[in-house]
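Q: So the protein sequences, as listed, match chains A and B. The first sequence runs 647 to 885 under my numbering. The second sequence runs 647 to 885 under my numbering.
Take these hints with a grain of salt, some might be off.
Note that identical chains are pooled: a pair holds if it fits in a single copy or bridges any two copies.
As the list claims (entries may be wrong) - Below, simulated DSBU-like cross-link-like pairs (lysine-lysine); rule was C-alpha separation at most 35 Å, straight line: (1) Lys702 - Lys801; (2) Lys801 - Lys672; (3) Lys770 - Lys702; (4) Lys761 - Lys672; (5) Lys764 - Lys777; (6) Lys702 - Lys730; (7) Lys672 - Lys702; (8) Lys672 - Lys730; (9) Lys761 - Lys702.
Since the hints were derived computationally from the structure, they do not count as laboratory data.
Protein chains: 2
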Amino acid sequence: MEIFYSSDVSAGLCRLDPEESAHCVKVLRHRSGDEINVIDGAGTMYLCRLVSDNPKGAEASVVEAFPGWGSHPYELTLAVCPTKNNDRYEWFAEKATEVGVDRICPVIGDRSERKVFKTERLRKIVLSATKQSLKSRIPEVSEPVSVREFIASCKGSSALKLIAYCFEGETVRRSVREVLESGGADNVIVMIGPEGDFSPEEASLAVAAGFIPVHLGSSRLRTETAAVTAAEALYFLHL
Amino acid sequence: MEIFYSSDVSAGLCRLDPEESAHCVKVLRHRSGDEINVIDGAGTMYLCRLVSDNPKGAEASVVEAFPGWGSHPYELTLAVCPTKNNDRYEWFAEKATEVGVDRICPVIGDRSERKVFKTERLRKIVLSATKQSLKSRIPEVSEPVSVREFIASCKGSSALKLIAYCFEGETVRRSVREVLESGGADNVIVMIGPEGDFSPEEASLAVAAGFIPVHLGSSRLRTETAAVTAAEALYFLHL
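Next up, chain A with everything else stripped away, as it sits in the complex (with noise of 0.2 Å):
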């Protein structure tokens, strides 16, 4: 099943972008009158009839809307620090994706040692990963911000707050799946820490903003995997 995407649907009518347009016309070789899918990013998809095979601009009416396509029952956000290999953090939002995420906020903590991080490339991998996977809405990417920032933009919120982190002892950590069957996983934010882990200030300040500590269980896992379990334990829990 071949997905496209358009940022552009309006009055029963999608209009593909140049890159899409070029698939759909030239590699694909779709014409004027044929059925294509459509996915808006935002949790709809469309079923429409290719009206003009413009391969810069081709547009398609709308035959029918399946609001909530390829849908998950729950709010994830996923806020996990930069890996020193990119390809690690690519690979974790395209699973992330694949499984169901919402929002993949990348944060950089005290102790991350990669402090730049670029938006663009994700951006792409996760609308590939969209389609790939057979679903309608787009999992947000957000701009980098600090551990401490995004905690702080947490205060307000309503969702079930899991820092994982690694001080052993020093805390009481409780499973993430007891704390997920416990309730409220409905709307969850898990946080995720560097190779080097959050600073004790920054786990401080998250459990102080509401976070629950919780360990993902006895195997030591890398950050993508750490967060790509976190997307699974809420996956297996609604399936």
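Knowing the structure of chain A, use the given hints to seat chain B on it.
A: Coordinates of chain B only, in the frame set by chain A:
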């Protein structure tokens, strides 16, 4: 925590192969008298003292043995068809090892595009992920067999056998969560098909051999994501 691997442990002595010896002595500059951690790949970690710092064949005497170090309370075999892109399979093997898997069996399906599969590189990745995630048992990587051969080899097994495939509507498939929660989740075999799915004949053979058809939720997952999702499901259940 730095982990070395030795396949040659006997009479209280761990002998490192040339590669591990070079890493220990040349790269990390360990000298006789230093304490090092050595796994035997079979489920035990040894706290050792280096008695020979020969960079081509270092030796360490066992101070203390930790059987079951980093183990998980279940047995999981993942029989997964090779992906078109080899990186994706390697990624799955790394992540499944981090999360917890005991045996990875590359299986070639009727519809597999990739019929040849080399296990040598995969074994290195799995060893590295074992060390990185602080485990002492290295998952076994089998030589590739056909899906039919694999199914036949499972006939006598008492494991809970699951096959994840996509034939919509043809078979009543239960969710992997429902099946795992209904019991037998301490010894599980999961078979994951290629991009083009199992053939109907393979699916029938599997069901006849006691495999339970399952789905992994509503997301359309890539082969490697499905395999990791199965490992994550079992991990979550034992968290």
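Q: For each hint given before, does the structure comply? Return the numbers of the non-compliant ones in rising order.
A: Violated hints: 1, 2, 9; rest satisfied.
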